[in-house]
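Take a look at the letters that make up each chain.
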Amino acid sequence: MNGFNLSRSICTRQLLQTKRRRKITEFEPRIIVFACNWCTYAAADIAGTSRIQYPHNVRIIRVMCSGMIDPIYVLRAFERGADGVIVAGCNYTDCHYIDGPVKCDVMFEKLGKCIHTLGLEDERLRRELISTSEGTIFAKVIKDMVNQLKKLGPSPFRKKVKS
Amino acid sequence: MAEVRIGVYVCHCGTNIAGTVDVEEVARYAKKLPSVVISRDYMYMCSEPGQALIKNDIKEFSLNRVVVASCSPRMHELTFRAACQDAGLNPYLYEQANIREQCSWVHSDRKQATEKAKDLVRAAVRRVSHHEPLEVKELPVNPNVLVVGGGIAGIQAALDIANGEKKVYLVEKEPSIGGHMIQLDRTFPTLDCSECILTPKMTEVGQHPFIELLAYSEVEEVSGSVGNFKVKVRKKARYVDESKCIGCGVCEQKCPWKVNSEFNAGLAKRKAIYIPFAQAIPNVATIDKEHCVYFKTGKCRACEKFCQANAIDFKQIDQIIEIEVGSIIVATGYDNFDPSIISQYGYGKYDNVLTGLQFERMTCAGGPTSGEVVLKDGRMPDSIAIVHCVGSRDENYHEYCSRVCCMYGLKYAYLIKELINAEVYEMYIDMRCYGEGFEEFYRRVCELGVNFIRGKVAKITDQAITEDEQGKLTILVEDTLLGEMIRVPVDMVILCTALEARSDAEKIAALFTLNQRADGFFLERHVKLDPVATPTDGVFIAGCCEGPKDIPDSVAQASAAAAKALSLISKGKITAESAIAHVNETLCHGCGRCEETCTFHAAKVINKNGVMVSTINESVCKGCGACAVVCPTGAISIKHFTQEEIKSMVDVLAES
Amino acid sequence: MAVNNSVLIIGGGIAGIQSAIDLANMGFQVCLVEKSPSIGGRMAQLDKTFPTNDCAMCILAPKMIEAGRHANIKLLTYSEVLAVDGEVGNFKVSIKKKARSVDEKKCTGCGVCVEKCPWKVNNEFDLNLGQRKAIYFAFPQTVPKLPVIDREHCAYFLKGKCRACEKFCEAGAIKYDQEDEIIEVEAKAIIVAAGFDLYDPTPLREYGYGRIQNVITAMEYERLSSASGPTAGELKRPSDGKIASDIAFIQCVGSRDVRSNRYCSSVCCMYGTKEAILAYEHQPGTKSTIFYIDLRAVGKRFQEYIQRAKDEYNVTYIRSRPGNIELNHHTQNPIIWYEDTTTGETKSLEVELVILCQALIPPRDIQEMASILSIELDEYGFVKTPDGLSHPVDTTRVGILACGCVHSPKDIPDSVVQASAAAARAAEILSGGT
Amino acid sequence: MTLEDIIKETKTYYCLECGKCSSICPISRHNPSYSPRLMLEKALNGFEGDLINDQELFSCLSCYNCLLRCPADVDYPLFMQKVRALASAQGKYGVPAHSGTLQSLMRLMSNPAIEQRRLEWLSDEYRISEKADILFFVGCAPYFESVLDFKTGALDIAKDSLKILNALGIEPMVLADEKCCGHDLLWTGDVKTFRKLAEHNARIIKESGAKKIIFSCPEGYRTFKFDYPHYVDLDCELQHITEFLAENMGKGKLNFKEAKKKVTYQDPCRLGRHLGVYEQPRKLIEAIPGIELTEMEHIRDESICCGTSAWTNCDAYSKQIRTERLLEAKATGAEMLITACPKCQIHFKCAMVSKGEERGPDVEMDVMDIVNLVASALGDNGSE
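So the sequences go chain by chain: Y, X, Z and P. The opening position of the first sequence corresponds to residue 0 in numbering that gives the first Met the number 0, with each subsequent residue numbered one higher. The opening position of the second sequence corresponds to residue 0 in numbering that gives the first Met the number 0, with each subsequent residue numbered one higher. The opening position of the third sequence corresponds to residue 0 in numbering that gives the first Met the number 0, with each subsequent residue numbered one higher. The opening position of the fourth sequence corresponds to residue 0 in numbering that gives the first Met the number 0, with each subsequent residue numbered one higher.
None of these hints come from the bench; they were simulated from the model. Among these hints, one or two may not hold up.
To be verified - Quick list of in silico lysine-lysine cross-link-like pairs, DSSO-like style, CA-CA up to 27 angstroms:
#, chain 1, residue 1, chain 2, residue 2
1, Y, 109, P, 150
2, X, 572, Z, 73
3, P, 282, X, 607
4, X, 570, Z, 62
5, Y, 142, Z, 241
6, X, 638, P, 354
7, P, 354, X, 506
8, X, 603, Y, 109
9, P, 41, X, 607
10, X, 166, Z, 187
11, X, 638, Y, 109
12, Z, 62, X, 572
13, X, 455, Z, 309
14, Z, 105, X, 54
Next up, chain Y with everything else stripped away, as it sits in the complex (with noise of 0.2 angstroms):
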């Protein structure tokens, strides 16, 4: 039936990726985090004053709450080659808006379709709650996405990468 073609595309896959773990020695991934002002910058921030050390591959964009985010925000950074991308914000309870994670919420599921037929792998893409006094998990966040980051190799959007 239809197995063909898809059989197809998924081993073709796998034959890129272990194509590209060969060709990538230690390579530095770069993420992209949208924090919401109220919680998860204030958890960086607090990351930053409590001296907890992170990888350096990570860069910050504030935004005002999760619900803010729009999904052209997360494709324009793979577009520009970001190997993987963080939405973060409040938990539910604690929004300076009232609901705007749940908002944030509907637009991710939306965008994880997207990255998802798009042939990405989904762990590029994640959602994270982080608190105000949560320095130390963001920390933790981050080392965990560059670790996963770099058994996954490069994004394929990178410019680097030669097809």
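For this one, chain Y is given, so just place chains X, Z and P on it according to the hints.
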């Protein structure tokens, strides 16, 4: 647009940044970036000389954009914005790159930290060139306040504001203010007579020069927003001229038509023309149109005949009063749960099963039995059962706890012991004596030899199976501490009924754009830190309309609401958030997605000469940006967080 | 120096902060006195708050910052009220501003000094579960962002050597010779928001607090479960650092008890439940048992919260006040002896960690504060309210108001409401009413 | 390509500046400030700057009304396509709808290194072949559902197309690494990416050995037919599914069951004016017993566009165009509006979204693609 001229300032913050980041290098790098005119590094940008540096450069190099690379904007954004403003630059033409908390402090590798710092600066420079000056809008606040609901909460709020010498409109839908509290006999745990505390406050309201009392009135329409609400109030026809009526009550005596008295919870009768209770404010009669025979048959007019003041006016009609206020306090209170739907408790079926309120009236000296605790047949009861959680903590009715029942239940026990020293049984699940002096009161009641049975009552029946159950009401209850079903024969049963949201709460919510919980009570802005504010700016809630609570709590909440209203007034103006949503009308479809998603009811679709377009109420918009995300056409953008601004950062930062 | 402020607020906890902000927004001058180095009070120590489980700091921090920034609010942290003269309309208050040994004008709050300070001491903010330096910030989000030298432990003050902090501070903000300062403040009204202290369960020997390592107090637990706490949010039990997955909470420790305090502390049933839920969230599967007498879930959404704890978070409620806690010497587990009053059986339950829901008690220094302010206290030492019904925030002395837990134990929403009420009342007094 | 070249290629210099184009342009009707004629005039007078900086540049729907009426045979749509390329080369774009998410997805898709998962909707009830002469081009359907906030029905069109083809005993090829045809990018000026997509599609289709490509989306059809030839060489027979069905329906394989419905039909610009397919869809609709086709006022080459194109400048005027068209459709008394283009369907459905309290005219109406209509009417032996 004029040529963009950016100044970049990189802060050493002592060694905090310079220790890990090569700030000179970053500054040199910044200088090369497009439209950067001047780029410096300095020991402490936030220090006076540091700020002076910026101010001078703005003038000297006629900069129109400023970027400071230093600590977190959460720390010093305001500082530097102010600096820009001092130098005559719109504060929104400033951008801060966080190279301390999010760079130098979290990375140790100098090279990489420096690279990251460069990226962050480049991104900031790119972003700031898209910045637009924003004006800081200020709207005036109308100093008048509307208080809806004339119960203890409404009264307290009104008085607090009026004593601050601000005009208050107090709207009460009943003929008199006083609410539920005026019906109560005594208050726990102190057992003060509730009338004695409330009446002075009521009189004060009645006479206060700053309070305009609109009794027997209902709010019909609310428009506008914080600072400037327009409210339509319907003043219902009393068929009595308030200005003439002297409250002598002759009409009441002469009126031949009897009706159940709401005030006495049906334990007594009132007339078709009536003054609800002796201390009523305003003290004027009201004709109950439904029951007045004149309105039914066109005959009688007894009241008119006997009224010397000839205040009776059968032709009176409802008036619509329009008022303008700056803030609104909603204190619409609660309804009492009607226990007759719990058939197994037999309320309405057995004469001697009473609600708490009815018992209140009974023990009240001024009440229908003038303070006598008596059975229907006039006998004095030997034993009384007090059943807790009637309609509360029960999936079938209300899951929540009504907070006050335990205490008033104990109060009844105390009063019964005091008045007739009958046998008392308290049937409870938990004794919730949480408040100041409550536990002590509980102990006092225990000392009186009241029987406490921990268990939920299953059934109340008059079917006797033993001698001593004859002619009594028998209560079937499982004593969970004995672990067995027991039968308790008593003469009288008092049901501690739940407090529930007003039956018309939904209507009120729609009127003032409040949100409701599943159980109908109104939602506050934040449970913890904004308990009296609501998502609608300028509308506050107080008392039991927010959830069941006792008198001190209601009073405190009322004062809190008053404080919020007062501080709004004394500010005199609202500085509207500048970084808010903006609608491009040529792009807007008027599809209303924004209206649907906006939590603050700021976005609204209007019909602009035939075309549907969305509009943003700038005094209400918080700039959370949700509307821009759902807008399909790109008509809505968020000032200072436009797609260009954010995408420009993404473009820089995503590349590696 | 003399500052003329219309209202003096004693205590920089959530209640004090709220009153201050409300009054300041009404355009009054406010002087907020806090005895510890930072405002924030007890709430800053909490991890999450019931019944919404939102993080205490997330909602507190913005208010602290607002209070710190507000033009009409003067913060006097690390300061204590010495004397109050005069009466309503013109109180004269003298305040001791303790020496931080740090120059407030110069310090940029960068924290290098803290980093470099070689001396570690127990951190009282973490109830001594963790450590801090001899020069320290009370906690990461402090307002004002100023460190303070703890002279009892600073090597320089003890031995005259070290000066590390001074060396590394570019701002040159360290001032060892700084002295306590007496500030005279004039106030038209005073609001007491001194908060509460926590009952020390040691006297209740049957619970073995202090004797059995794995019996801890609720506040200790709060610090353990807090992400910024000493264990970075891991519920490591004291004896062996093992993560406890079977926990018991004991209610009414020091409340509703003639041997200690008769009154009910209002919040324990709920915070106990909250902590049980948090334990489960930290480590799904965690089993919690709560021993109670009456479940006082009287607030908005509280009953539903209890229900959720039962249904979703593996929390069991047993109606009983345990009689004794013994120690299993092999496992270090506490063994709780109790009677299940609903079945009448006496049983024992071995758990990995016991949390004592300790009572809220009046501040330990309330007596002297009361004599300074010459206000009356009730039998327990809480501030007395002559007319609780119509003036719930008044004290026995005109012009002095009280709000928050210094009145009687209460939860955060109630404290906040009362704080605003106190502000309104103060405003009333200031504008001539009584 | 310079403005000069464009003028030559589109024969703009023939322009009589008679304004006929503007007078029948659906946009101009609602937005007086927009005039195709002026655009051309600007070009002819060499005001390149004005032309490129004009927001309205991206408003053209390329609906072909002007082209069909132009007495001088100036190819205004093509002119627009080319000038937009010129503009975007200088970083000038229109206002993308849905924040440009779709364009972004297309650009991402164009990356050779990715392996899409675009066939996950393809369940076993549909029969496709590994090798066959006929190839069914799915298009962007798999993406629409996850971008737009309402049920677009685009995937159902793909599914039902297969269902019908299967019913005719045809088991077409479907390519797992097919990519967007590039239509929307081409029409918003991103020629670079368009070329990448075109080359990719051409390559894999060659590899597949397909002789005939069937489209359910007229945009894809048009793009392959008119635009691809300028960039890639691919010689395959191309057909819109309506054409194909109209042809093969007669072969008796399609048995319809009675379906009582009153419908009206929207000629998509691309299928109609661009490609001249007017009759086949109508033939199909009428072939279904019980279906009554009542035509709208403007049909065939006079049909009115669904109001927007290429996910750009989807403004209030575009909404007005849609609203008018929908009212026209309702006026026929039909219960359902049949289209033959997924985009038409999406745009009409979007125009019906009305979530505010204050609402415009009621344009609520069932919309369905002709493919769905046919599939739903298939008798049992149809779907074997």
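Consistency of the hints with the structure:
no., hint, verdict
1, 109(Y) - 150(P), "13 angstroms, holds"
2, 572(X) - 73(Z), "23 angstroms, holds"
3, 282(P) - 607(X), "43 angstroms, violated"
4, 570(X) - 62(Z), "18 angstroms, holds"
5, 142(Y) - 241(Z), "24 angstroms, holds"
6, 638(X) - 354(P), "24 angstroms, holds"
7, 354(P) - 506(X), "21 angstroms, holds"
8, 603(X) - 109(Y), "26 angstroms, holds"
9, 41(P) - 607(X), "33 angstroms, violated"
10, 166(X) - 187(Z), "25 angstroms, holds"
11, 638(X) - 109(Y), "25 angstroms, holds"
12, 62(Z) - 572(X), "21 angstroms, holds"
13, 455(X) - 309(Z), "19 angstroms, holds"
14, 105(Z) - 54(X), "21 angstroms, holds"
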